[in-house]
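Below are the chains, spelled out letter by letter.
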Amino acid sequence: MKKLMLGNEAVARGAYEAGVTVVSSYPGTPSTEITENIVKYDNIYVEWAPNEKVAAEVAVGAATGGARAMSCMKHVGLNVMADPVFTISYRGINGGLVFCVADDPGMHSSQNEQDSRHYAEAAKILMLEPSDSGECRDFTKLAYELSEKYDTPVFLRLHTRVSHSQSLVEELEPVDYRLKDYEKNPGKNVMTPANAIRAHVRVEERMAKLSELANTTDVNRIEDNGSKIGVITSGISYMYSKEALGDSVNYLKLGMVYPLPKKLIKDFAAKCDKVYVIEELDPFIENFCRQIGVDVIGKDVFTLLGEYTPAMIKKQVLGVDPVENIVMDEDAPVRPPVMCAGCPHRGTYYVLKKLGLNVFGDIGCYTLGANAPLSAMDTNLCMGAAIGEAHGIGKARGNDFAKTAVSVIGDSTFIHSGITGLINMVYNKSINTVLILDNSITGMTGHQDNPTTGYTIRKEPTKQVNLITLCKGIGVDSISVVDPFDVKGLTKTLKEETAKEEPSVIIVQRPCALLPEMRKTYSGHCVITDKCRKCKMCMQLGCPAISVDGGTVKIDTTQCNGCGLCENVCPFGAIEKED
Amino acid sequence: MNIMIVGVGGQGTLLASRILGRVAIKAGFDVKISEVHGMSQRGGSVTTYVKYGDKVYSPIIDKGEADIILAFEMLEALRAVPFLKIGGKMIANTQEINPMPVITGAAKYPADIEKKISKKLNLQAVDALALAKQAGTIKAVNVVLIGLLAKSTDVAKQIWLETIRETVPEKFVDLNLKAFELGYNI
Chain W
1 MKKLMLGNEA VARGAYEAGV TVVSSYPGTP STEITENIVK YDNIYVEWAP NEKVAAEVAV
61 GAATGGARAM SCMKHVGLNV MADPVFTISY RGINGGLVFC VADDPGMHSS QNEQDSRHYA
121 EAAKILMLEP SDSGECRDFT KLAYELSEKY DTPVFLRLHT RVSHSQSLVE ELEPVDYRLK
181 DYEKNPGKNV MTPANAIRAH VRVEERMAKL SELANTTDVN RIEDNGSKIG VITSGISYMY
241 SKEALGDSVN YLKLGMVYPL PKKLIKDFAA KCDKVYVIEE LDPFIENFCR QIGVDVIGKD
301 VFTLLGEYTP AMIKKQVLGV DPVENIVMDE DAPVRPPVMC AGCPHRGTYY VLKKLGLNVF
361 GDIGCYTLGA NAPLSAMDTN LCMGAAIGEA HGIGKARGND FAKTAVSVIG DSTFIHSGIT
421 GLINMVYNKS INTVLILDNS ITGMTGHQDN PTTGYTIRKE PTKQVNLITL CKGIGVDSIS
481 VVDPFDVKGL TKTLKEETAK EEPSVIIVQR PCALLPEMRK TYSGHCVITD KCRKCKMCMQ
541 LGCPAISVDG GTVKIDTTQC NGCGLCENVC PFGAIEKED
Chain V
1 MNIMIVGVGG QGTLLASRIL GRVAIKAGFD VKISEVHGMS QRGGSVTTYV KYGDKVYSPI
61 IDKGEADIIL AFEMLEALRA VPFLKIGGKM IANTQEINPM PVITGAAKYP ADIEKKISKK
121 LNLQAVDALA LAKQAGTIKA VNVVLIGLLA KSTDVAKQIW LETIRETVPE KFVDLNLKAF
181 ELGYNI
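Chains as they are written, first to last, in the working numbering: chain W, 1 to 579; chain V, 1 to 186.
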């Protein structure tokens, strides 16, 4: 019987059916559930790595050792793993090697909407792109066959709407994949210039063969509906196009998006009067068509920004207006994401704002500290950047400013790529203060363990990174540990540490309120008593459970988890806990 | 059939869409569900699409194309109105959750949403939170709403009950079946 599966779950199923035995990843929306679903298969070794670069290197090692291996990441994670990727393209593989990369057009949960296909071209790596969960499973298996046949790593490009949509998949038996022999082969695996020069020749020969394959592979297929209009498309855009245009046009559906099929595109276009390229983000296929002399309509009518919809495609290709819809006379106020009621980060940002510090932020739930009413974060950029940025601005503006410039970085993000920033800060004599917001989990992506939690992805106990010892080893002498709900204590520590003429680390420690073990420690909810003088100090916390109704402050008991932070900030003792 | 489920992150919209998806498979349809994960889940507006029929291509629903909208919260109901097909039906939980711009005073929570929506379309507004409390826990609000939705589809009740039994953890089955009945029998 067919099962409903998320695209990500289907990739995991494909990995299992392909005989994959090693998977190493770092979580990142929308890719996280691939690795989480691998956990279901006992015969696969699976891990969360500290970052995507390490994950890719683990997968490379496993593939070199003869296993079929996988590493999964979001599009910006691919930037982090780019270094090993470009050179493993030269080395080639032994067991099959697949990198799953999930793009996020529309930026549902990302800081940019970069198009991963450029990496395939730049690193000269074959890229497949599925359109639904069934193809996620099938293309994953195909990726391993092609990887081994052509001695190349393979990219599987995913998309938020493919990764996070469920559609039907039929489960098949796994293939009988046996670990290949490991033989020392420095000519292939040691990339000294002399070897790499020869490897580059092999890469170009491989690309020529893959370009030929693109013309004949089953995953690049023409649907001839006898129309004079042609649509070249791939991935989720194919589904949008089918929904919008049905059988009224011819399709060239590309399952392999790099390298692109020169002959197939030319033959397809020759039978049409007009050819559209429908692809979200950059004109990747469109530019290729123009390069080979095929005239197409693409970004001149379709946007470079965000996600497409079937209605948009129908309008542009068929000139049909979208269906009518009901219009309300009143706009609904926006509802941006917020820190949850009980979130430990709320205490930290409340204090940072009170002290008027310049806060260099990072990637995670705590990025939400930039939003009103906390409005306490000045910048964020990419994983780990908080520390480097604060150091840089301190060097630019001098030590008096450096004393006001603090970094905030989560436990998982610090391990991911904050450590090297801290080493730099100490080595190059900065005096900034770094706050490690240790909520004991990788929060934003949905509670993944990391090296600071003491558990593996399979919840086996393991060695736990001791942040204090780690920071000491780096050379930080002033290290403190504070509870973010101890508003007075955190204020005092921050004042002291930022005043020092040396680098400091404050580990702000309280587990995520949504963790099952933390849920047990909170009970009841807070209430506003008649001692309230309506000073609205509690409103500055930006807690979604506290609001003002007709001048009266009230707490929504369906949302409040009884964390008690508001009780700590109320100057009149007007907030009490109730069971 | 295009069904759109809207609410606030944390209200249990994902479970509702998963139950709905399984029901549609059991009824023999091709199904696609589009979910929301990550940043936008954190107390923000969340939208899930469930589409079923002989063959489904796009997993998302455009404006004017939802046959039914199931809203877990009134402001989200208001926001979702343009997505309803002309002649479609909206089922809404009367609960109101203030978004941050309202909490900070930068915006006002619109008054009389129920009345305003009712003027434009077929709205069934229900205090699902009260019914969930009656079933035993406010967390069952999603299953109360599933009960309401079930009544508006042509899928047999038995399939819904069977799916709930298979989807929720064993110790919560009775509670959820009770919640479903409370919604279904309104």
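Among these hints, one or two may not hold up.
Said to hold, decoys possible - Each computed BS3-like pair below joins lysine-lysine, with the alpha-carbon atoms no more than 25 Å apart:
#	chain 1	residue 1	chain 2	residue 2
1	W	Lys554	V	Lys120
2	W	Lys395	W	Lys429
3	V	Lys133	W	Lys577
Stated by the list, open to error - What the simulated footprint calls covered on chain W by chain V, stretch by stretch (three residues with Cβ under 8 Å from a Cβ of chain V suffice, anywhere in the stretch; the number is not a length):
#	region
4	1-10
5	60-68
6	162-174
7	205-216
8	535-546
9	552-560
Everything labelled a hint here was simulated from the structure, so no lab data went into it.
The beta carbon of each residue, even a glycine, is placed where N, CA and C say it ideally should be.
Here is what the structure says about each hint:
Taken as a hint, the Lys554 (chain W) and Lys120 (chain V) pair is broken in the structure, with Cα atoms around 32 Å apart against an allowance of 25 Å. A distance of roughly 10 Å separates the Cα atoms of Lys395 (chain W) and Lys429 (chain W); the hinted pair therefore holds under the 25 Å criterion. Of the supplied pair hints, the one linking Lys133 (chain V) and Lys577 (chain W) holds, its CA atoms being roughly 21 Å apart against a limit of 25 Å. Chain V is given as covering the region 1-10 of chain W, and this holds because 3 residues of the stretch bring a CB closer than 8 Å to a CB of that chain, at least three being needed.
Coverage of the region 60-68 of chain W by chain V is violated in this model, with 0 residues showing a Cβ closer than 8 Å to a Cβ of that chain against a need of three. As drawn, the region 162-174 of chain W meets chain V at 5 residues by the rule of a beta-carbon pair under 8 Å; at three or more, the given contact holds. Residue count for the region 205-216 of chain W with a Cβ under 8 Å from a Cβ of chain V: 0. That is fewer than the three needed, and the coverage hint is violated. Requiring three or more residues with a Cβ within less than 8 Å of a Cβ of chain V, the coverage given for the region 535-546 of chain W holds, as 4 such residues are present.
A stretch counts as covered by a chain when three or more of its residues have a beta carbon under 8 Å from one of that chain; for the region 552-560 of chain W and chain V the count is 3, and the coverage holds.
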